[in-house]
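In the order they appear, the protein sequences are chains A and B. The first sequence stops at residue 283 when you use this note's numbering, and every number in between is there. The second sequence stops at residue 234 when you use this note's numbering, and every number in between is there.
Honestly, I wouldn't trust all of these hints.
Capping the alpha-carbon separation at 25 Å, the derived lysine to aspartate or glutamate pairs in DMTMM-like fashion look like this [to be verified]:
| hint | chain 1 | residue 1 | chain 2 | residue 2 |
| --- | --- | --- | --- | --- |
| 1 | B | 75 | B | 207 |
| 2 | B | 18 | B | 83 |
| 3 | B | 52 | A | 153 |
| 4 | B | 216 | B | 95 |
| 5 | B | 216 | B | 201 |
| 6 | B | 52 | A | 241 |
| 7 | B | 18 | B | 219 |
| 8 | B | 18 | B | 174 |
| 9 | B | 75 | A | 123 |
| 10 | B | 52 | A | 234 |
| 11 | B | 75 | A | 51 |
| 12 | B | 75 | A | 260 |
| 13 | B | 216 | B | 228 |
| 14 | B | 216 | B | 159 |
| 15 | A | 274 | B | 25 |
| 16 | B | 194 | B | 207 |
Covered stretches of chain A, going by a simulated chain B footprint (3 or more residues, C-beta under 8 Å) [to be verified]:
| hint | region |
| --- | --- |
| 17 | 144-153 |
| 18 | 160-173 |
FYI, nobody ran anything at the bench for these hints, they're computed from the structure. Ideal placement from N, C-alpha and C gives every residue a C-beta, glycine not left out.
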Amino acid sequence: MSGYLSGLIGILGINIIFAYSIYVTAATGQLNLGGAGFQAIGAYSCAVLSEMFGLSIPFLLLLSTIIGATVGFLIAFPILRTRGVYMVLATFAFAEIVAGVILNSDSLGGPTGLVLSDYIETDVIIWSTIGVVVFCFYLMSTRIGLAMRAVHDDEAVADLLGVNRRAVQVGAFAIGGALAGLSGGLYALYFGFVEAQYFNAFLSIFVLLYVLIGGTQTAWGALIGASFFTLVPELLRMGDDWRFFIFGVIIVVMMIWRPEGMVTRQAIDRITLKLFPVVRRHG
Amino acid sequence: MLKLENVDVRYGPVHAVKSVSLEVDEAQIVAVVGANGAGKSSLLRAVAGAEKINSGNISFDGRPVNRLAAPERVKQGITLVPEGRQIFVSMTVEENLLMGAYTQDQVQIRSGIEAIFDRFPNLASRRHSLASVLSGGEQQMLAIGRAMIARPRLMMLDEPSLGLSPILVNQLFELILELNRQGISILLVEQNTKMALQAAERGYVLELGAVRMEGKASDLAADKSLAEAYLGDE
């Protein structure tokens with residue numbers, strides 16, 4: 001595999017895992033515009049633990065995930081007091097606070113960042129990505145996934161039908177935090193360097209757009225959205241400036257034509273019918 | 001079976017339910033009627049656990065349920081079909097029913113769902129369609145089917161006839177009577193006072209959050225002053 005290709009696959013995998021961290025909360029009806037903050041926590045946890053304790057790679061990734069999950073769980077309580085656009089602002093503020101703390105902490109390298117001596121090859125990212133994708137598809141097929149979609153559609157009715165709404169919402173934030181933490185850990189180990197400036201507001205916006213434009217109705221959305229927005233700019237060989245332009249155009253077009261995202265449940269039904277016209281779908 | 005004693009519900013300064021006492025016996029249909037804003041929906045939501053009560057007592061089978069969260073009350077056998085047929089629009093018909101069975105023993109769910117489809121062939125033929133494509137009447141049937149699948153002992157219906165055509169309203173009331181014959185107690189809130197009092201054994205008239213009259217449904221339906229005030233003289 002050429003260096004360019006493996007580098008592209010590496011960042012694609014990280015983006016997909018990151019997108020699923022946002023997808024899990026979005027599928028439950030909560031918009032998280034603080035993705036970069038959660039990913040930064042994973043990345044810096046990994047960097048600090050690697051330098052201070054010299055832990056093994058699997059252990060570093062596990063701890064990044066656990067720390068991400070813990071932060072997601074704890075932050076869920078204040079954030080769930082807000083809703084709608086205020087929740088978006090609260091998560092955004094959270095990410096800004098994380099970035100602010102890192103920039104002002106000398107022990108975290110401040111604006112100069114941290115260098116890691118541990119590193120991983122692309123295959124670790126590939127296997128992690130496969131694991132996360134399988135996990136998310138499985139999660140959405142269980143009754144917990146069903147409950148998440150019910151809370152997304154109508155919190156009050158889900159409650160009436162016996163769903164513990166609070167637990168579902170907090171759980172979604174914890175899982176989202178875990179996946180963002182994992183993606184941050186992978187990022188740190190893959191690039192061997194973390195700096196606060198990378199985990200900025202644009203990153204939060206992009207990852208949320210991957211998910212919203214990919215579609216939140218099915219677990220395909222995050223996979224397709226993250227892949228599309230990672231690969232298309234590469235294929236077009238465009239600089240970052242043009243990426244914003246493309247984003248803008250695509251967002252406007254999507255809002256008009258497919259407000260539910262690229263992948264909708266109806267689209268999947270249609271494809272399934274086309275591919276397996278005789279088989280009757282169950283479940 | 002269900003007993004409310006002096007239940008109060010307040011939303012800030014608004015006193016939506018004022019010291020309401022109400023009873024539903026085993027396998028009985030009880031109607032709660034009254035004008036818009038009389039506190040009917042708040043009353044049902046309080047029984048379902050979706051609304052906190054400020055004072056009073058709600059008991060089910062002689063045991064207080066005041067402190068139980070909504071999911072616990074579903075497990076006890078209390079379900080509410082909310083106003084405006086609030087089905088899950090991004091889910092298929094079958095998934096909506098699965099949600100109704102959320103608190104159920106997983107093994108029983110399949111047979112429960114098939115039983116609902118036997119009863120509502122319209123829904124069966126669209127089991128994998130999105131619920132949002134159903135007609136208004138079908139959505140109401142789905143909402144009731146979703147409540148039935150939790151095997152309730154008390155089903156509360158909030159304005160089930162809202163927005164349905166007269167034929168569908170008749171079908172709906174037949175269904176309610178049939179459920180009742182199977183032993184399910186029904187607490188029915190309706191603007192369609194005439195139909196509701198015909199179906200029910202007992203009735204309560206709510207006015208500005210308080211019980212103004214109560215008694216046998218046929219007596220209430222025959223009451224002159226009530227007829228003029230609420231039922232629309234025909």
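How the hints compare with the structure:
1. B:75 <-> B:207: 31 Å, violated
2. B:18 <-> B:83: Status holds; Cα separation ~21 Å.
3. B:52 <-> A:153: The hint holds at about 23 Å.
4. B:216 <-> B:95: 40 Å, violated
5. B:216 <-> B:201: 6 Å, holds
6. B:52 <-> A:241: 53 Å, violated
7. B:18 <-> B:219: Roughly 24 Å separates the two Cα atoms, so the pair holds.
8. B:18 <-> B:174: Answer violated: residue 18 (chain B) to residue 174 (chain B) is near 32 Å, above 25 Å.
9. B:75 <-> A:123: Outside the cut-off at roughly 47 Å; violated.
10. B:52 <-> A:234: Not satisfied, since the Cα-Cα distance of roughly 55 Å exceeds 25 Å.
11. B:75 <-> A:51: Cα-Cα ~52 Å, so violated.
12. B:75 <-> A:260: Answer violated: residue 75 (chain B) to residue 260 (chain A) is near 34 Å, above 25 Å.
13. B:216 <-> B:228: 18 Å, holds
14. B:216 <-> B:159: With Cα atoms ~20 Å apart, residue 216 (chain B) and residue 159 (chain B) stay inside 25 Å; holds.
15. A:274 <-> B:25: 53 Å, violated
16. B:194 <-> B:207: 17 Å, holds
17. 144-153: Since three or more residues must qualify, the claim that chain B covers the region 144-153 of chain A holds, with 6 doing so at under 8 Å.
18. 160-173: holds (count 5)
When the structure is compared with the earlier hints, violations turn up for hints 1, 4, 6, 8, 9, 10, 11, 12 and 15 and for no others.
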